[in-house]
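Given chain A's structure and the hints, the job is docking chains B and C onto it.
Protein chains in written order, with the UniProt record's numbering: chain A, 1 to 378; chain B, 1 to 336; chain C, 1 to 396.
No lab work stands behind these hints: they were computed from the structure.
Watch out, some of these pointers could steer you wrong.
Stated by the list, open to error - With a cut-off of at most 30 Å between alpha-carbon atoms, the simulated DSS-like pairs for lysine-lysine come out as follows:
1) C/Lys33 / B/Lys247
2) A/Lys340 / A/Lys213
3) B/Lys103 / A/Lys213
4) A/Lys333 / C/Lys369
5) A/Lys361 / C/Lys357
6) B/Lys72 / A/Lys130
7) C/Lys278 / C/Lys369
8) B/Lys134 / A/Lys24
9) A/Lys327 / C/Lys287
10) A/Lys340 / A/Lys170
11) A/Lys24 / B/Lys103
12) C/Lys225 / C/Lys194
13) A/Lys206 / C/Lys33
14) C/Lys33 / B/Lys103
15) C/Lys33 / C/Lys165
16) C/Lys357 / A/Lys333
17) A/Lys24 / A/Lys170
18) A/Lys103 / A/Lys80
19) B/Lys221 / B/Lys270
20) A/Lys88 / C/Lys33
What the hints assert, rightly or not - Derived Cβ-Cβ restraints for the label pairs, each shown as a range:
21) B/Thr186 / C/Lys165: 48 to 58 Å
22) A/Glu60 / B/Glu75: 37 to 47 Å
23) A/Ser253 / B/Leu156: 45 to 55 Å
The C-beta atom is built at its ideal place from N, Cα and C for all residues, glycine as well.
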Amino acid sequence: MQFEIMRDRLLDGLSDVVKAISSKVTTPILTGIKLEITEKGLTMTGSDSDITISTFIPVEEDGTQIIQTIQPGTLVLQAKVFNEIIRKLPTNEVMIELRDGMKTHIRSGQSEFHIIAQSADEYPILPDVKDAERFEMPADLMKSLIRETVFAVSQQETRPVLTGVQWIMKEHELYCIATDSHRLARRIVTPEIQANSPFNAVIPGKSLQELSKILPDDSTAVEIFIANQQVLFKLHNVLFYSRLLEGNYPDTSRLIPIEYKTSITINGRNLLQAIDRASLLAREDRNNIVHFSTDGSPHVQISSNSPDVGNVEELVEAVDIEGEPLKISFSAKYMMDALKAIDGQDLKIHFTGSMRPFILKSIDSEAILQLILPVRTF
Amino acid sequence: MSQKLHDHALQSQKQVIDRLTMIHKRQRIGHAYIFDGSNGAGKEAVAQYFTKLLLCMDPKENVPCETCNSCKRIESGNHPNVVLIRPDGQDIKKDQMSELIMKMTKKGYEEGRKVYVIVNAERMNSSAANTLLKFLEEPEGNVTAILLTNSYPSILPTIQSRCQRISLQSMNRQSSIESLVEKGVTASMASTVTMMTANVEAAYEMAQEDSFVQRRRLVLKLVEAIEQRTPGEALLFIQTDWMPFMKEKSDCEQGLDLLLFAYRDIVAVKAGLQSTISYPDQLEVFTGHSVKNTYSSLTVKIDAVLQAKKRLHQNMNRTLLLEQLVLTMQEGLLFV
Amino acid sequence: MTDLTIANPRVIMHLDMNSFFASVEQAANPELKGIPLAVAGNPKERRGILVTCSYEARAFGVYTTMNVGEAKRLCPNLTIVPPRHELYRQMSDSVFDILRSYTEWVEPVSIDEAYIDTTDIGGLTRAYDLAQEIQMRILAELDLPCSIGIAPNKFLAKTASDMKKPMGITILRKREVPKMLWPLPVIDMHGIGKRTEEKLHSAGIKTMGDLATAEKITLEALLGKNGLRLKQRANGMDTRPVDPESAEERKSIGSSTTLPVDLTELEDCVPIFERLAKKVAARLETKLLAGMTISIQIRYADWQNTTRSRTLQQAIYLEEDLTKVALQLFQQHWNHEPIRLLGITAANVIERSEMVKQLTFDNFEQQEKEYEMDQLMSSLTQRFGDGIIKKGCTKK
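Bound-form chain A, shown alone:
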């Protein structure tokens, strides 16, 4: 194998791939980056076994020659060493050549490195994806739906399936659901291009957070393929794969209340700030709890007390309050997470009693739903 490439473009590609490389992997080959050079271009792949990132650099782009393929081939190079070498090469032209078995020559200007490659046969095999499984949405929408759900996944391994976000297609709508069994976040979107076959997959929360980091803040199309073992997010010249979670996600639809006893319309930002202030007095070593009540006046009262520190009370003006008076207590953190996900707008909170789950929605959209279970007081 032998090819010549522009160093700056190689570095660009590497900067995405190394995001998937972890120093903690136990599989030796995964300390490396796989390079595959063809007549069309260079594909580089890195993985920590949970996620895999591939970038493609075409031979030619907008009439500029980026790569010259002399002889096609594949090999695996130590990621850290390779990345460092490329970073420090003296000129913008890099020649990479595999000679005499596994000896790789990297040449640029007057300097030449020799490093030992590993065989690409040792590298994990990425799943085949079929176009039938493909659907599509803009990157910024994908980013916000991740932000609105992923915080609610479980951080504990006791129920592994809850460490992921369920993506399920129902009647042309994609439901993204996350719950740690104390709260639940649900986002519904309608993809522009639909998959032909229905799917129901659970994507690890960590993978989605990583994906979010490489998604641009614009409306670039992201193609999504959900295969048996893995999901693939395809974005221009970057491929992001994640293993899926094993096991059945619990049916959460029956947990969402549909009848309410108290409904409050309130400004999200005002409420968020009040809860934030109330949680100041909470003790750090325990879930900080705030009390929330209505008494027929057009205000809700937020309070919190901590025997060692003191107590705080605040009235927040509501836009509208309907139904029975209410006294309920909940985790300040869960409430703040939910309010941040809905983001500032006027919103509706529906309660069905002080020991029952309650839900938050934006007043003008059903797309985002946040549900929180309260705490029992004694």
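The following block gives chains B and C in isolation, referenced to the frame of chain A:
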């Protein structure tokens, strides 16, 4: 493990290999297995063989092809669906187990079965074992566990009951001694090292190790010191001669094993069973000790060594442990 | 009391983890090793305050309680991370667990400090070796440095652990007190703050030596009983025992029982735990408290002691909950050796009114019923007085 050790191990475990072949032939592949056998019996080699068999892309007559991409990557430790866990320091910790379970509760990187192998499974600490147990109770997906151990009884009974047990055979010791002597090891050293491990290659390597030869010598001196019954001597010996050569816990364990074998020899000599002793070169000396000791005093001493081995694993201070051991052995009474 | 101490010389160690939070962060993330590091309340805000800093940072003159802006000025390369209290708590528990594997006489005084009475485990003859072993084990198993002071009492042990840092072991003998401590200013003495220093200075007492030789009457007039206590300390005397019970930062409530015969079967231990749980539950009930951390004590027939604890997400106070957690801990940690003593302790105790229970999808319906029952009971009690109604006993 070197290739030589590896091949040797597979050859000597023909019955086990046959059984694995049957399992594969009937496609009755369980969720969890325990492979148990003495040190050197070849558990890791057999586990690797079984893993290849389970993941081979082209098994012929229930034997892995050894040439396909899966077999090769299992050999090199690069197969993404296979995870190997070993003790991290003294034991296998809960974090290691949690990490393993997080991996196993994801779908395999590639299609097909996932396999995890736990080496020295007897060294899982209790929270690690309980974490694993929960996972074994509700296995999710197409996954097979292989636990390797040299001490089946040390595995939590609740884990035992969820695993199929496959026992590896130990090699005949007499023939091992003979093959070592052929290689130029002295008969007495061959007798000792074959007590320490059942694997001839490993035994040979041990006989070549200076530190092992040194420890063997020290143990024999310690037996002398104990049997002279002057308490000061033996204690002094522990502090000045013994401890410097027993820095690591594993050294200390080896020392205690050697001491145990010495006292088993003395019992054997007393009972007139001389064929398989560990220290043939000490026959005369041990005969002397066997006359001075009663069976019950020997039992007390052996018990004391066994107790000490156990405490070693509870991380008791090692100097203290040895001092107590020597005092107990000299007084011929167990402190209760 | 004093006679007792003379008759029974003790060897007390004081273990002090070196810049604990920073060391934990460095152990958790080796990339942070060897660089100036500080843990600060809110690293982004310049007015955040350093909770602790590494020795590398101290070399730049950075110290704990300094604010972030000032520290950055002294040491522009300072890496600042936010605190992770849960992690520190866990590591602290691991340190104390190691100490308790040597003896039950361990008294944690804070998250990163403990006293250990080593008299019964050979401290009189080989304290230094023991300290070295403990120090190495904590370093090897947890990757954390500590300093240990060895002395005949708590005060001197604490003073000694301060002398060499990091990774020091210092023996301080009572006879060395005049030479080592007396020249020091009183403010250097543990237990003396700014205010006390001022008062002492007003009476012309500047050094620890002055304090040690000051008239009792003067001191008593100046500082009351505390003055006399300080004089004793300055003379190297301190009779406080190492008390594992006072261990918890917050109150704890526990009960233990020595068994008439050594037990070897699980089914024999179950009723013992049930009885202990009943006692603990009753004591929690009278004070209207609940425990966040439940621990069990096991003493084996060979006097080995084991304490194992679990911190729950939810404080508990009911007999059946206590029994359940205790038995889980027991089954997980019992090594099947004969048992001489068993105990249960509820620690990290909080007021019942402070107690909350986070509902989950799996339990909220059940909890709602219980809650309504409780509400009904308390309203009945309010109307008709105490004792009108009591919860029935449900055996599960």
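Can you list which hints this structure breaks, lowest number first? 17, 23
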